[in-house]
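**Student:** All chains should be modelled from the sequences, with the hints used to inform the complete structure.
Under our numbering, the first residue of the sequence shown carries the number 477, and numbering increases by one thereafter.
These aren't lab readings, by the way, just hints derived from the structure by calculation.
One or more hints might be untrue.
Lysine-lysine pairs mimicking DSSO-like chemistry, simulated, CA-CA at most 27 Å apart [stated by the list, open to error]: (1) Lys1158 <-> Lys1144; (2) Lys1097 <-> Lys1158; (3) Lys807 <-> Lys750; (4) Lys980 <-> Lys1029; (5) Lys605 <-> Lys565; (6) Lys596 <-> Lys635; (7) Lys565 <-> Lys520; (8) Lys520 <-> Lys605; (9) Lys855 <-> Lys1158; (10) Lys807 <-> Lys749; (11) Lys520 <-> Lys635; (12) Lys563 <-> Lys1029; (13) Lys596 <-> Lys584; (14) Lys584 <-> Lys635; (15) Lys563 <-> Lys596; (16) Lys975 <-> Lys1075; (17) Lys563 <-> Lys635; (18) Lys750 <-> Lys761; (19) Lys584 <-> Lys565; (20) Lys1075 <-> Lys1158; (21) Lys1019 <-> Lys1075; (22) Lys807 <-> Lys520; (23) Lys975 <-> Lys1019.
Distance ranges between label pairs, derived from CB positions [stated by the list, open to error]: (24) Gly678 <-> Thr1133: 50 to 60 Å; (25) Leu536 <-> Met1167: 53 to 63 Å; (26) Ser1128 <-> Leu536: 24 to 34 Å; (27) Asp581 <-> Thr615: 21 to 31 Å; (28) Lys1158 <-> Lys855: 19 to 29 Å.
The beta carbon of each residue, even a glycine, is placed where N, CA and C say it ideally should be.
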Amino acid sequence: MINPATLAPFEIAYVFALPDWEPQQVTPFQGFAPGLLEYLPYFKYIPPLPSDLIEPTLELEERLIRRRAGVGAWNWTPINLSTLVGKRKPRPGLPFMVLFSATEDTAKRVSAWRRDLRLKPIHISLHRKGGALHPEDLTEDVLRHHLIQLAQKAGRMDKSLDFDAHLAALNAWRLIDRRPSSLHFHWHNVTAPNEMTLIGAGELPNKEEEGRLIAPSAQDYIDAITRSTEAVMALWTDEAEGGRDPGEPDLTALGNRPDIVLLAPGMYRGRVKKMERLADASFLKRAFRALDRQRGYTMEMPFNPEGDDTTIARQQISIASIFSLRGSEMKLTTLGVGLRATGTLAATIRLPPAVNRTAGVVGQLARFLRAHENPPRVKSSRIFHIVQDALRDAIPPKHLELIGRSRSGIKIVADAPLEWLPIGGLPLGIRFDVSRIDTTPGNLFLDQIRAPVPLAISPDSFRNYLVLSMFDDGDQIAPHLRVGAVNTMDGQQKPIIGKFASPKNPEDFAGEINRFRGPMLIVDSHGDHPDGDAPGGLIIGGKAFDVWSLRGKVRIPPIVVLSACDTHGFDRSHATVANGFLACGALAVVGTSLPIRSKQAARFIMRLINRAVHFGGIMSKAGVPVPWSHIVGGVLRMDIAADIIRGFETDSQFDDTVGDAIQIQTNKDLNPWRSDWYERLKERVFAACAMERAAWDRQLADLIASSDAIRYVHLGNPEAILVAAPDVAAATFSALKGGYAPEIALAAI
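**Tutor:** Here's what the structure looks like:
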């Protein structure tokens, strides 16, 4: 029996060594550390390599199953050279490191540092300095040889550590027989993530196929994205489908990570317009305007040269440098998503930039809802559907159909409000379990897109939650959440009562968080996010304070729920309250893109606590871990179902007896989740109403648009948090670890 206390991790760390940099040196459009762009050629070398020592011991089918479950993603990270040299040298407890250096100077510094180490990381560089391997030379067999040496040396350095299991795994490596891909590989931004996923799944590209998407038509791009997406989808196994009604709950899919990534790289809001205003030359203004107005997969800009040949050449160089820099940012975004998708076997659908051009109508909706606490349903619906129509019209119909095929959820990697995209009559964020990672700021995006360590939280741990309420004395909405939370019951009708505090200033706020040791922080407050570049804030003592200022000062629980208005407004800067909590270390943040109403917010919190404790407990008894993304997604669906049913009640279409019966039936469809719950709800409601179908459809659309459920967004990596009893979590990950490391620890609360 292996003693986990003496077992070093099996994971391999893939590290990009960055020259030190200052915050003001980030790239201008998206905000990446400048040295990161030098690593663009290196990303493609990682997917053919294993993520850990266990993966190569498994058959290909087993490798793909564990990836879909989120076990098998690559542990890759950029690290500043000063941090690497001072704090991150390999040690016996963490011996397995592959270190990339992009520039010649970095390669020299890494080689000099590595020379004096007892455990020498495997150094990879295009610059052959100090024994660095060329990335083309790092085959699985070469990697295995180096890892065996590291395991043996680490064992000699620390006799208390047991490396027998590591060496057994390394000696059991088997090379997969890579099969030629039937897909043409373009290595273009629109297809690269799917091509990386196919390579990681054992397919072999034809090197002569690169560059096929050179100045094609818009339809060529759409077709290439479609083919690459369908090729990844063909890898998904459907063992659970046999004999099952397609609408019935698929409990096997609960353990899988999101199977579709929607990618639309964005830029800092308003940044390009500001650059256009500051530019003194007309050709530069045209270049920035073209960037800001791009809607399709290609960009065209009328050049209109002015001056002599030398002047024209300089203008061309200036324009090319702007577009090249933005192109590098987009490529870095794409490759980061590619590594993430490869690690979870997700299909990536690259969306056209037109989805980012909805800011005007989004701002109109936000201003309207900020001005009206209970606005007329019809007007809310009209403005909301303008946004939905703009999103739907921007996306090719074939790609909308592909999105509808998701079984285990959607990961949005974009700044656009894709949660509102209509899919099958519902907003995307209601139809599926959805979470998002914004693409700005770039460095926070990279922090979030790297696969986190899975975290198991037992259902009963959610009884220990913390509510921080910052309302002023006498605020009429202050009691709503507290009263709702105090009245929350579990399945045995026992109260679920957490902890409550009312900090009066930012210092008290930070102190309460640092004293708390539970899994979930709930912030009950007014929120504020002015227009322009200003950061969003939470109101304490009548003043807004910037959550980003707490970075490095607080120990944030893994889950943060923001019961406050405008904590992640789509019409505001990237410096939102929700992003601030991610930057402070939260793994998942439930934020708000619009104002929310206090009574509906209290209902949402009550259901969230109950679902984590009660539904999570039921599923644990059945041996099924539940991702936190599904806990939140289920509450949003229950909320919108209740708003639909009670809305028809209010309009006297049926009485509360009928409404209660429909609500009970719908809750049964949602717990556990039937994918056709909405269609069944529609038929029940329609059967109880005496109205024409067209009028009924309009009223249903109005009720959805006016529900607070569409105002929530889920940020970060909630799918990495499993609500499961310790034995269920251990059994799940033991099965996925291939038998070599049954005690591989999940962080558990």
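**Student:** If a hint holds in the structure, say so; if it does not, say that too.
**Tutor:** Right, here's what the structure says about each hint:
no.	hint	result
1	Lys1158 <-> Lys1144	holds (15 Å)
2	Lys1097 <-> Lys1158	violated (32 Å)
3	Lys807 <-> Lys750	holds (23 Å)
4	Lys980 <-> Lys1029	holds (18 Å)
5	Lys605 <-> Lys565	holds (19 Å)
6	Lys596 <-> Lys635	holds (19 Å)
7	Lys565 <-> Lys520	holds (25 Å)
8	Lys520 <-> Lys605	holds (21 Å)
9	Lys855 <-> Lys1158	holds (23 Å)
10	Lys807 <-> Lys749	holds (22 Å)
11	Lys520 <-> Lys635	violated (37 Å)
12	Lys563 <-> Lys1029	holds (20 Å)
13	Lys596 <-> Lys584	holds (15 Å)
14	Lys584 <-> Lys635	violated (33 Å)
15	Lys563 <-> Lys596	holds (15 Å)
16	Lys975 <-> Lys1075	holds (20 Å)
17	Lys563 <-> Lys635	holds (23 Å)
18	Lys750 <-> Lys761	holds (10 Å)
19	Lys584 <-> Lys565	holds (16 Å)
20	Lys1075 <-> Lys1158	holds (25 Å)
21	Lys1019 <-> Lys1075	holds (24 Å)
22	Lys807 <-> Lys520	holds (12 Å)
23	Lys975 <-> Lys1019	holds (24 Å)
24	Gly678 <-> Thr1133: 50 to 60 Å	holds (58 Å)
25	Leu536 <-> Met1167: 53 to 63 Å	holds (55 Å)
26	Ser1128 <-> Leu536: 24 to 34 Å	violated (60 Å)
27	Asp581 <-> Thr615: 21 to 31 Å	holds (27 Å)
28	Lys1158 <-> Lys855: 19 to 29 Å	holds (24 Å)
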